[in-house]
Amino acid sequence: MSRGGSPFFDPYADFAERYDLLFGPFGDHDPQRVEFFRSLFKKAGVRRILDCACGTGRDLHLLHDAGYEVSGSDISDAMLAMARKNLASVSVTVPLTRADFRALPFRKHHFEAALCVTTSLPHLPDEREVLAALQNIKTVLRDGGILVLSQGLSDKVLDKQPRFIPEINTPDLSRVFVFDYFDRTVEIHILDLFHKEDRQEFIVDTFEYLIIRQEDYERILNEAGYCDMEFYGSFSLDPYDKEMSDQLIVVAHT
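What the sequence shown shows, in our numbering, is residues 386 to 639, in sequence order.
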């Protein structure tokens, strides 16, 4: 797979094995997240769900446990490898496909819902590519289908522009996010400091994200043919507040 004719560079090649250190043990589901998806999908009679940026498979496992028929895709070989490893550790089998969410290889109108969460769409370089992704995801959703997007780059974060956010501080590991802000993008440097007796190491990974605010999502989703958008500030269904919310969750319908 390539972008613009160039071989695809996997930014998660070295980070995938450390990605889940931010979370609890694999299989420990956040009750608010479980209830969010359950209530949302029950209303719409959802059965088949595609997680088209499935990462290490945490939401695939959550949704499988909730009784849905789930499939996962991701452009990163490293993240898919971790998803296979994680799912195997809990004896769960889920179809996994390497795919760019701008060119999904699934049957048209096959899924009732699709996820593209955890700041996945902002990996794309510009709004034209975001529009292409949203249009392509729409093709695999049935009429009346649901798309769920989420990102940690909320309007609050983008306006206040914190420079450092400490995320983990344990006897074995400290992790700090360091932000650099530009006109249309944000660079996030993830600093991992291991201070175990048998591992003393400092590792830095850098990821670039396109700035997409609530108003941008509303405009681009409308252009892509979605409707009836809802915006939340957390998985507890708090309404999105540009000044207060630490994350942006978008629910859109086809």
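In short, the hints are calculated from the structure, not lab data.
Any given hint could turn out to be false.
Simulated crosslink set (SDA-like; lysine to any residue; CA at most 25 Å straight-line) [unchecked claim]:
id: 1; residue 1: K627; residue 2: F592
id: 2; residue 1: K627; residue 2: E552
id: 3; residue 1: K541; residue 2: H449
id: 4; residue 1: K470; residue 2: H414
id: 5; residue 1: K427; residue 2: D450
id: 6; residue 1: K470; residue 2: E572
id: 7; residue 1: K428; residue 2: A609
id: 8; residue 1: K541; residue 2: F421
id: 9; residue 1: K427; residue 2: H449
id: 10; residue 1: K545; residue 2: K470
id: 11; residue 1: K428; residue 2: E454
id: 12; residue 1: K627; residue 2: L543
id: 13; residue 1: K523; residue 2: E608
id: 14; residue 1: K470; residue 2: K523
id: 15; residue 1: K470; residue 2: D590
id: 16; residue 1: K427; residue 2: P480
id: 17; residue 1: K470; residue 2: K427
id: 18; residue 1: K627; residue 2: T524
id: 19; residue 1: K627; residue 2: P547
id: 20; residue 1: K581; residue 2: E420
id: 21; residue 1: K428; residue 2: P416
id: 22; residue 1: K541; residue 2: E628
id: 23; residue 1: K427; residue 2: D395
id: 24; residue 1: K541; residue 2: E582
id: 25; residue 1: K541; residue 2: K493
id: 26; residue 1: K427; residue 2: H494
id: 27; residue 1: K523; residue 2: D590
id: 28; residue 1: K627; residue 2: D450
id: 29; residue 1: K428; residue 2: Y453
id: 30; residue 1: K493; residue 2: L406
id: 31; residue 1: K541; residue 2: E615
If you anchor each label on the Cβ, the simulated ranges turn out as follows [unchecked claim]:
id: 32; residue 1: D399; residue 2: T524; range: 18 to 26 Å
id: 33; residue 1: F579; residue 2: P490; range: 19 to 27 Å
id: 34; residue 1: V477; residue 2: D399; range: 21 to 29 Å
id: 35; residue 1: K545; residue 2: H574; range: 15 to 23 Å
id: 36; residue 1: D405; residue 2: E454; range: 22 to 30 Å
id: 37; residue 1: F567; residue 2: H494; range: 25 to 33 Å
id: 38; residue 1: K493; residue 2: C612; range: 41 to 49 Å
id: 39; residue 1: G430; residue 2: D568; range: 24 to 32 Å
id: 40; residue 1: E512; residue 2: R548; range: 24 to 32 Å
All residues carry an ideal CB built from backbone N, CA and C; glycine is no exception.
Given pair status - K470, K545, alpha carbons within 25 Å
Violated, because 38 Å separates the two Cα atoms, which is more than 25 Å.
With the threshold set at 25 Å, check whether the alpha-carbon distance from K427 to P480 stays at or below it.
Since the Cα atoms of K427 and P480 sit roughly 23 Å apart, the hinted pair holds (cutoff 25 Å).
Is it true that the CA of K541 sits at most 25 Å from the CA of E582?
violated, 39 Å
D399 and T524, beta-carbon distance inside 18 to 26 Å?
Because 33 Å falls outside the window, the suggested range is violated.
Hey, K428 versus E454, does the alpha-carbon distance stay inside 25 Å?
holds, 16 Å
Given the proposed pairing of K470 with K427, does the C-alpha separation stay at or below 25 Å?
violated, 30 Å
Please verify whether K541 and F421 have alpha carbons no more than 25 Å apart.
The given pair, whose Cα atoms are some 22 Å apart, holds under the 25 Å limit.
Given the hint that K541 pairs with H449, does the C-alpha gap stay at or below 25 Å?
violated, 33 Å
Given the hinted pair K541 and E628, is their Cα-Cα distance within 25 Å?
Answer holds: K541 to E628 is near 5 Å, not above 25 Å.
Mind checking the alpha carbons of K470 and K523 for me, to see if they're no more than 25 Å apart?
violated, 29 Å
Satisfaction of hint between Y453 and K428, Cα-Cα up to 25 Å
holds, 14 Å
Take the C-alpha atoms of K523 and E608, compute the straight-line distance between them, and say whether it is at most 25 Å.
holds, 12 Å
Taken one by one, the earlier hints fail for this structure at numbers 3, 6, 10, 14, 17, 18, 20, 23, 24, 25, 27, 28, 30, 32, 33, 37, 38, 39, listed in ascending order.
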